[in-house]
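There are 2 protein chains.
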Amino acid sequence: MRLIIIGGVAAGTKAAAKAHRTNPDLEIILYQDEAEVSYSACGLPYILSGIIPNRDEIVIRKPEEFKRDGINVETQHYVESIDYKSMQLTVKDLKTDTRKTISYDRLILATGARAIVPPVKGVNLQGVVTLRSIEELDRLKYTIDSTKPKKVIIIGAGYIGLELSEAFHELGIATTLVEKLDRILPRFDPEMAQLVHDHLIENNVEIILNDGLVNINGINGRACSIEIESGRLVETDLIVLAIGIKPNIELAKKGGITIGETGAIKVNTKMETNLEHIYAAGDCCETIDRVSGEITWVPLGDIANLQGRVAGDNAAGGNAHFPGTLGTSIFKTFDLNVAITGLSETAAKKLGFTPKSVTVKKNDKARYYPGGKEVIVKLIADKKNGQLLGGQVIGQGASDKMIDIAATALLGALTCYDMENADLAYSPPFSPVLSPMIVAAGALSSMLKK
Amino acid sequence: MRLIIIGGVAAGTKAAAKAHRTNPDLEIILYQDEAEVSYSACGLPYILSGIIPNRDEIVIRKPEEFKRDGINVETQHYVESIDYKSMQLTVKDLKTDTRKTISYDRLILATGARAIVPPVKGVNLQGVVTLRSIEELDRLKYTIDSTKPKKVIIIGAGYIGLELSEAFHELGIATTLVEKLDRILPRFDPEMAQLVHDHLIENNVEIILNDGLVNINGINGRACSIEIESGRLVETDLIVLAIGIKPNIELAKKGGITIGETGAIKVNTKMETNLEHIYAAGDCCETIDRVSGEITWVPLGDIANLQGRVAGDNAAGGNAHFPGTLGTSIFKTFDLNVAITGLSETAAKKLGFTPKSVTVKKNDKARYYPGGKEVIVKLIADKKNGQLLGGQVIGQGASDKMIDIAATALLGALTCYDMENADLAYSPPFSPVLSPMIVAAGALSSMLKK
Numbered sequence: 119m120r121l122i123i124i125g126g127v128a129a130g131t132k133a134a135a136k137a138h139r140t141n142p143d144l145e146i147i148l149y150q151d152e153a154e155v156s157y158s159a160c161g162l163p164y165i166l167s168g169i170i171p172n173r174d175e176i177v178i179r180k181p182e183e184f185k186r187d188g189i190n191v192e193t194q195h196y197v198e199s200i201d202y203k204s205m206q207l208t209v210k211d212l213k214t215d216t217r218k219t220i221s222y223d224r225l226i227l228a229t230g231a232r233a234i235v236p237p238v239k240g241v242n243l244q245g246v247v248t249l250r251s252i253e254e255l256d257r258l259k260y261t262i263d264s265t266k267p268k269k270v271i272i273i274g275a276g277y278i279g280l281e282l283s284e285a286f287h288e289l290g291i292a293t294t295l296v297e298k299l300d301r302i303l304p305r306f307d308p309e310m311a312q313l314v315h316d317h318l319i320e321n322n323v324e325i326i327l328n329d330g331l332v333n334i335n336g337i338n339g340r341a342c343s344i345e346i347e348s349g350r351l352v353e354t355d356l357i358v359l360a361i362g363i364k365p366n367i368e369l370a371k372k373g374g375i376t377i378g379e380t381g382a383i384k385v386n387t388k389m390e391t392n393l394e395h396i397y398a399a400g401d402c403c404e405t406i407d408r409v410s411g412e413i414t415w416v417p418l419g420d421i422a423n424l425q426g427r428v429a430g431d432n433a434a435g436g437n438a439h440f441p442g443t444l445g446t447s448i449f450k451t452f453d454l455n456v457a458i459t460g461l462s463e464t465a466a467k468k469l470g471f472t473p474k475s476v477t478v479k480k481n482d483k484a485r486y487y488p489g490g491k492e493v494i495v496k497l498i499a500d501k502k503n504g505q506l507l508g509g510q511v512i513g514q515g516a517s518d519k520m521i522d523i524a525a526t527a528l529l530g531a532l533t534c535y536d537m538e539n540a541d542l543a544y545s546p547p548f549s550p551v552l553s554p555m556i557v558a559a560g561a562l563s564s565m566l567k568k
Numbered sequence: 119m120r121l122i123i124i125g126g127v128a129a130g131t132k133a134a135a136k137a138h139r140t141n142p143d144l145e146i147i148l149y150q151d152e153a154e155v156s157y158s159a160c161g162l163p164y165i166l167s168g169i170i171p172n173r174d175e176i177v178i179r180k181p182e183e184f185k186r187d188g189i190n191v192e193t194q195h196y197v198e199s200i201d202y203k204s205m206q207l208t209v210k211d212l213k214t215d216t217r218k219t220i221s222y223d224r225l226i227l228a229t230g231a232r233a234i235v236p237p238v239k240g241v242n243l244q245g246v247v248t249l250r251s252i253e254e255l256d257r258l259k260y261t262i263d264s265t266k267p268k269k270v271i272i273i274g275a276g277y278i279g280l281e282l283s284e285a286f287h288e289l290g291i292a293t294t295l296v297e298k299l300d301r302i303l304p305r306f307d308p309e310m311a312q313l314v315h316d317h318l319i320e321n322n323v324e325i326i327l328n329d330g331l332v333n334i335n336g337i338n339g340r341a342c343s344i345e346i347e348s349g350r351l352v353e354t355d356l357i358v359l360a361i362g363i364k365p366n367i368e369l370a371k372k373g374g375i376t377i378g379e380t381g382a383i384k385v386n387t388k389m390e391t392n393l394e395h396i397y398a399a400g401d402c403c404e405t406i407d408r409v410s411g412e413i414t415w416v417p418l419g420d421i422a423n424l425q426g427r428v429a430g431d432n433a434a435g436g437n438a439h440f441p442g443t444l445g446t447s448i449f450k451t452f453d454l455n456v457a458i459t460g461l462s463e464t465a466a467k468k469l470g471f472t473p474k475s476v477t478v479k480k481n482d483k484a485r486y487y488p489g490g491k492e493v494i495v496k497l498i499a500d501k502k503n504g505q506l507l508g509g510q511v512i513g514q515g516a517s518d519k520m521i522d523i524a525a526t527a528l529l530g531a532l533t534c535y536d537m538e539n540a541d542l543a544y545s546p547p548f549s550p551v552l553s554p555m556i557v558a559a560g561a562l563s564s565m566l567k568k
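Protein chains in written order, with the numbering used here: chain Y, 119 to 568; chain H, 119 to 568.
This is chain Y alone, in the form it adopts within the complex (with noise of 0.2 Å):
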């Protein structure tokens, strides 16, 4: 029995060690594209501010150590077709440009997302960069290095861009955000990413709203400034392309494999595709949404973890199931901690919820006890019934403590009034003696009793 994975990054490398446990007599090889494998793309802009020192640190296996358990990677080999009838790839050697048909009993796809570049003039110049690969990483790294910017653009005002932001200005690069939208992070409700845009402007970021980019322009090859709807042009001498990424479906769907109306891989909860023996996980692939049962797409390495394990452990012959996601996530920027989980408030609206929301602002700790730092909380329930439908923490503070307990309320379609009795850990030098999640979900109840 012979499995196959194309994609050697998060999904691709957690789905060949999963099938190894479950089945160790199974022979799996990877194929990779780049010269890399298992490396955490999460790690990306601690590298470039120099946070982390060693780009060497992210990479999680070598080869060599996939190799000892069983595992063949093969990098830079890049898989061009599925024959689906003949159970058969064409897979290109991106060394030696040539080119080689092998035979699967059971497929893995994990060939990701990469950065959309939008379709304008000049994104092609020196200087115009996208940073999702530790390949884009070295290059950028080296564009510093050689070129010293004083100053950089980046292009789309989400996690990547914000997380950029702090890497640019911890570099003494002086950076400007441009976002076509009216406002930074979409999926926040607004007043919660408003404080997140006031953090910003407070460390000497410049952010253009409601503006996109409608051309590059360049001086000798190299882009020297950008041209935007308002018709502002904005000189720099970097720009990084952030708009947003998409899923790498090229594969697939010439291969027959039907892609969902997310524009992602339709899977069930199995992670199977629409073709037998074939699986797909990680950012290739869709998901549910488990607080609003719509189909969604969340491309982070949490969740293309977990999907590569369930497509993994299924491959080889296991009987797992990936039940979705509830959207958590979390990004750093400047001394902010930024989360999410579950509908913001907008969403559940437009979903169709009766959403009510309290936000309230409390210390981590005692507040008598050193080293206390603020949390902003807004927690959301929906008014007919208390279900807790989502929640948004912002500050310098544990949010990530909070955003988990949050995230497991929902994992477990607890209501406010659950939560305002939960029992969590108290002592001085840990949580004032009533969690600010207590708090939320205590101040939300007494709202939705009125």
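Check each hint, because a few of them may be wrong.
Heads up, the list lumps identical chains together, so a pair's fine if it works in one copy or across two of them.
Claimed, not checked - Okay, derived cross-link-like pairs now, DSBU-like style, lysine-lysine, Cα gap no bigger than 30 Å in a straight line: (1) K491 with K180; (2) K372 with K491; (3) K479 with K491; (4) K568 with K239.
By construction, these hints were calculated from the structure, which means they are not laboratory data.
With chain Y held as given, fit chain H onto it using these hints.
Same frame as chain Y, but now just chain H:
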């Protein structure tokens, strides 16, 4: 309508505040036998150590502040008796040594708990102390300042004993823990408690196990040594009795209020005692263990707050319920953060469950992100259906976050199969790609499926 509350630390003051919010027209009188009201008893060890420099910082609200909300706080007033039939109390003013009779329409008992003083010779000598109240703290601080002890013996190796071990170490006072049982921290499973034991030893705390206090010897009215069951004589300058606490139920008992089998006041989920219009909340009353369904007594500050809120609401005409506890708790001793929720494996076995457990050791951030620290997570589920029964977390890392995830999972009656696919917040500064809780749940799921 007059509401009288007896006791003004955690449950009493919370009940007063909530009752006032529920019914602002209510006349509220709170009697407190100490001079201080509304202080955080859990902060006492940190005032002792000096981490919190000013003892007034743990006083949350002054009587004058309550007055502004229409709550009359009478400090140094001791309620001697309750006459249920006439709905009257006899109250003694400790400052003037005079008595008065006052009627109530609603009554809340929040009389708390006190340190157990063992019935051995010498407990009344100078240099023998307990530490439950801010008055006891003041006396202990005075004793330390005036006698400059070089050695202290702490009798009892529970949470308080361990928190105080660190505090005395900070003060440069050599610490010996004496414990009657064969190990410290009996609520934890033995191998987890051992991790804490080893850490204490590394920090030069002497631990004597399997050895109870027989008597205390003195010179000139001051304690100088203890004799323990093994016959050993241990010299010391100071003795802290931390063998446990017991609920203050004498007033309730005398007034005809039913005491439960735990020795604390029996209440229903509305915090009502057996007598009409009389409620109890906090360390003086019992509650339900939500995992086992058993009646239990959990004298902790956060539970007191939650119960006080429910009692205050109901006494003011509301309709609130306190559904019980999970026994979640956390404490810090030296560099270890030690936390538990739900049942230990040992306790689960005794209660007739078929517990299985895993223990994982993980970083609390991405391995390559600076500042990550280790947590050791033990997770316990029932073999029958995967239902989570409890968790224990020990380490220098984010034990508080891990245990709150586990506690919320218990609240939602989740299984290890639910938790292995939990959607928790991942980004390198906050978590490894899969939270230690997910890794533990995954390992437990694999084990149970075999």
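Hints versus structure:
1. Only between protomers do K491 and K180 lie at most 30 Å apart by alpha-carbon distance; the minimum there is 24 Å, versus 39 Å within a single protomer.
2. In this homomeric assembly, K372 and K491 never come within 30 Å of each other (Cα to Cα): the closest approach is 52 Å inside a single copy and 46 Å across copies.
3. Proximity of K479 to K491 under the C-alpha cut-off of 30 Å is found in both arrangements, the shortest distances being 10 Å within a copy and 27 Å between copies.
4. Proximity of K568 and K239 under a CA criterion of 30 Å is satisfied in neither setting, with 57 Å inside one chain copy and 59 Å between copies.
Consistency note: the structure conflicts with the earlier hints numbered 2, 4.
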